[in-house]
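Fit chain B to the known structure of chain A by using the hints.
Chain by chain, the residues run as shown.
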Amino acid sequence: DIQMTQSPSTLSASVGDRVTITCRASQSISTWLAWYQQKPGKAPKVLIYDASSLESGVPSRFSGSGSGTEFTLTISSLQPDDFATYYCQQYNTYSRTFGQGTKVEIK
Amino acid sequence: EVHLVESGGGLVKPGGSLRLSCAASGFTFSSFTMIWVRQAPGKGLEWVSSITRDDSYIYYADSVKGRFTISRDNAKNSLYLQMSSLRAEDTAVYYCARDSKGALNWFDPWGQGTLVTVSS
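These protein sequences, in sequence, are chains A and B.
The first sequence begins at 1 in the numbering used here and counts up one residue at a time.
The second sequence begins at 108 in the numbering used here and counts up one residue at a time.
Bound-form chain A, shown alone:
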């Protein structure tokens, strides 16, 4: 199975900060990667798919990049609504594994 490793596990930031989360795959997954946001008690919501495509309705402050084994999610200017947990997910194979998550906390 492909392993997905996110860093950091927790991130403390302030409103207005630029935030970057990294996701590494144990083998190449081309650009078959999605990013999700999850808030407490809610289902995850897709933000980015195909590594860099912004889901309809998602604010443009979210962006994704990368290919192969290394990927990043960037929030250009953190807003109060963005404090949540973020997960990457590969869909290169049917066992569509997730990263362990990155919790973005208020500094």
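To be clear, the hints were calculated from the coordinates, so they are not data collected in a lab.
Beta carbons are placed, not taken as given, at the ideal position from N, Cα and C, and that holds for glycine.
The reader is advised that the hints may include incorrect statements.
[What the hints assert, rightly or not] Straight-line distance between alpha carbons at most 27 angstroms, and here's what the computed DSSO-like set of lysine-lysine pairs gives:
| id | chain 1 | residue 1 | chain 2 | residue 2 |
| --- | --- | --- | --- | --- |
| 1 | B | 208 | A | 42 |
| 2 | A | 39 | B | 150 |
| 3 | A | 42 | B | 150 |
| 4 | B | 183 | A | 45 |
| 5 | A | 45 | B | 150 |
| 6 | A | 45 | B | 208 |
| 7 | A | 39 | B | 208 |
| 8 | B | 120 | B | 150 |
[To be verified] Listed next, the stretches of chain A that the computed footprint assigns to chain B, with coverage defined by at least 3 CB atoms under 8 angstroms from CB atoms of chain B:
| id | stretch |
| --- | --- |
| 9 | 13-25 |
| 10 | 44-58 |
| 11 | 97-105 |
Same frame as chain A, now just chain B:
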């Protein structure tokens, strides 16, 4: 509007069984691979199982293989997860999700989840 609603969760003793259901609406259910994902309390997301649109391919995580069975009824727009030989580590919120574009894509949308608690 695309909608997924899970049901069937609850408290079950170790070694017991439970059947989860997911009712789909707002899209052509028979055209999409469907998925179960779980999340243990305070933990991350874990893919559990996938079933292709016509049952031709079924996949399980190693952690549930041989104990869980995924199935679907396209006539009823429903997805199921039969869980047996349940263990404490199966305690989680179980989400039903749809493959976003048919097969081997990201998951969208997700249901609201149903909680399964395995405890004596």
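Legend entry - Numbered hints the structure breaks, given as an ascending list: 9
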